[in-house]
Amino acid sequence: MSYEVKQQVVAPIRNAFTYLIERNGDRPATRYEEATIDLQPTENFHYRPLWDPAHEIYDVDYSALKLSDPYSFLDPRQYYYFPYVVNRAGLLESFGASLSYLESRGLLAALDSSWSEVMSHEILPLRHYEAGAQLITQLGSRFAYGTSIEQAASFSAFDRMGLAQMISRVGISLESGSSEILGEAKHAWISSPNLQGLRRMVEELLIEGDWAIALMGLDQIDRIIYPLVWMHLDDVAVKSGAGAFSLIAQHFATWYKDQRKWLDALIRAWVADPVYGLANTAILSEAVTTSSRRAERAVAEFAEAFRPLDANCPATVAELASAARSALSALGIEGK
Amino acid sequence: MTSLSSEASRAKVRVDLQDNDETAILVAAIRKDNPEVVVTHLPGIVKVTSPTELVIRRESVEAASGKTWDPNEFQLQLVTYYGHFSTWDEDEILISWPKH
Amino acid sequence: MAKLSMKERYAALTRDLDWDFDYVDSKEVFPYTTFEGIKIHDWSKWEDPFRLTVDSYFKYQAEKDRRLYAVLDSFAQSQGHLSLHEARYLNAMKLFLQGVTPLEYAAHRHFAFLARFLDSGGPRFAALCQSIDELRHAQTEIHTLSNYNKYYSGFHSWPKMHDRVWYLSVPKSFFDDAISSGPFEFLTAISFSFEYLLTNLLFVPFMSGASFNGDLPTMTFGFSAQSDESRHMTLGLESIRFLLEQDPDNVPIVQGWIDKWFWRSYRVTALVAGMMDYMLPRKVMSWKEAFELYFEEQMMGSLFKDLAYYGIRPPAHVGDAIAEKEHLSHQVYWTLYSFSFAAAFTTTVPDPAELEWLSQTYPESFDKLYRPRWERAAEITEGGGRFFFQGLPQLCQVCQIPMLFTEPGDPTTICQRHSNFNGENFDFCSDGCKSIFDKEPEKYIQAWLPVHQIFQGNCGGPSVPEVLDWYGIQEGDNAEYLGSKDNLNWLSWHDDSAK
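Protein chains in written order, with the numbering used here: chain A, 1 to 336; chain B, 1 to 100; chain C, 1 to 499.
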């Protein structure tokens, strides 16, 4: 059988999936909404996990931080897979273009010795910081309750792997295509005294079972280390003629601005929750107080190594830590 | 290396590719390097079956298309396969069953 | 200095990111890789032939999705749904959205578990990519089928249906079973047994069928998803090989998982068999042909000969699966037909051309055993009635399919098996399902069996309308296709051609 198609517009019999109409009213849904809301099953699980019989396959009790409606948080960037990968393909492409330019002009090799020392022994070891950040964030990808949150965490975890690889590629470029320098960087991550505060904090966050508390701990480091390494040092680089570093740093700074958007929106949702808001705020304040002081100390130790480039680095860390606390306070989280 | 072992009958491998222009170029390159392949069609799919193993060479694809080709691009055409990716590097993709 | 090869670069960008922990016990960081008894001595032997890194991942995935969404947009803008072969075809896609899309989402969540908890950076990275690939598949399927939801019944409440409706507990319990297992069993279950052994049976003939029935968007998302699936199949095969090579003690454990998960996966594909042979108005390939090509020839003919090197034999009960290939789709679809008053899709008697195709494709079984049923059903329809089974079916405790399969070698007797556990009787559809239960009864007694749940009063009420309401099934979603809302709308949208 075949039919002639009538030259007329056939009116839809409904505008959207029923559960989206129930939530949003009778209007067409966006692709982000379709890709996100109510995807995660919530009931009638068949078996308890062998690896954690105390919980269901998806369970609100995987974290102390709760939302009465998980979809009260929606990613302000509206990332579902397609826009996410398109955005990141762009980020990686422009990073790759910067790196190729630096390689072709020999600009990384031309960095002066104080900069190349910092690159090899301080910046490159951060590939392991990012790899740890992937693992920490990945816990939320599996255990966050609701697709909107876990999706943003999933993308963030994937990002951290991407950032670890970007830093590694800088190392490979620094050494004109070899990876020995990455071995030195790993050695520094494992044994340089000024990196141990950071490494210890990352390792300890890896055994934090509450994905949200672990992620908040990581965020306390990010809030200081990103502005320090990828923004402040960028300014220093521009002033001291190390433009090669600046070309690299811009991409990490771009990523961090994007990361802030969803994470700050999530914190706002936790704080504003009509049922759990007060409890969430108390838990967050406690967690932030513990981890932000540790993060400040760890980054301050790390930043000692930047003194040859910028004598004021330690003071900068204190300022950035204070700015981080103010930013949290603006979100409703007061440290104790 | 192509080896026509006594186990050839069991060592069949196959790739299913999306039926489009880029696949036509790939199939031309595959035929050149694997004269024994059999090409069949299902709606939307081109099935390329080899009685032994199947190699896709970057040089041959580039010669067939006149453009540079990264073996990673093969993923854009690949629908499924049967066998084992014994090699996937800068220059070639080899699908075969491992020889123990 | 020599430039890094692709292999060295890949190692530097994945595995080499790992370091040994000094401040915490690595057993606490990776607590789940030992309880299953699997022994790993050297993770560096694990190979990923794709050697994908994040930059190329984004590049190719963005390109794939640009192509796919361009097709979806133009199909929607041009009212492409009107050029489907027939609205009835969409029943297959309703079952797909209700039954398969949620599995993609579940895979996304649990590959994230592997991306966190496997204790080596190489396989973790492969799992990381697969985790977001699976999210891609769920989302592209939703976006593809969302357009049909605007014009046709049965698509509108798929997440709720997946959690509640009787036939959907088949795929849901399957995936819940895998997720609730340990990480290596999950890999064996999903990456190897489901994806490597059987996923081609689901996707390839089905997507060709979509193409043949005028459903360009489904064909496009299907093939596009399959290109990721090739990576996933590879993860499955590499994992199995790796586990077998690492320690001889792993062999019997893996064999047990292959036995279990082949049967578990195969039973889920029973729904696919019904979809292929009956729900596609224009047929591409029968279930039997697909099973022979993708399973018997490829898997039995080569893969298991290869795995014999490691001491692995073909899955237990595989002979039963092969023996029932002449019967499976007919028995399943007859059950769906009989119970479709309680389903979110419609069914109908195959038309004469389809009956002819079925008898040619299944010469051993169709005319003798199954055609008479359809002739009876057609008579009832001609008399103004519609045959439906009265009452609720008995479900298999393991696969949760109604007890509809026949004895191996005797297609006229329903197969029933039983086990007693803690003084209670449990029923199974087959030896395969019974042996799965007998090895882990504590797990399978937990099953949320939809029919039991109705009897226990957990599904909205005791009457059929109450249960259907609780399922989210609306008028027009269920029962007979001819005269259904979709059928009538379709005819009115195309009535110019009838003049």
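Everything labelled a hint here was simulated from the structure, so no lab data went into it. Mixed in with the good hints there might be a few duds.
[Stated by the list, open to error] Taking lysine-lysine and the BS3-like style, the derived pairs with C-alpha atoms no more than 27 Å apart in a straight line are: (1) K66/A x K39/C; (2) K47/B x K305/C; (3) K59/C x K67/B; (4) K7/C x K67/B; (5) K99/B x K283/C; (6) K186/A x K283/C; (7) K99/B x K27/C; (8) K305/C x K45/C; (9) K186/A x K305/C; (10) K47/B x K150/C; (11) K47/B x K99/B; (12) K261/A x K439/C; (13) K47/B x K39/C; (14) K12/B x K59/C.
Problem set entry | Hints violated by the structure (numbers, ascending) | 1, 5, 6, 7, 9, 10, 12, 13 and 14
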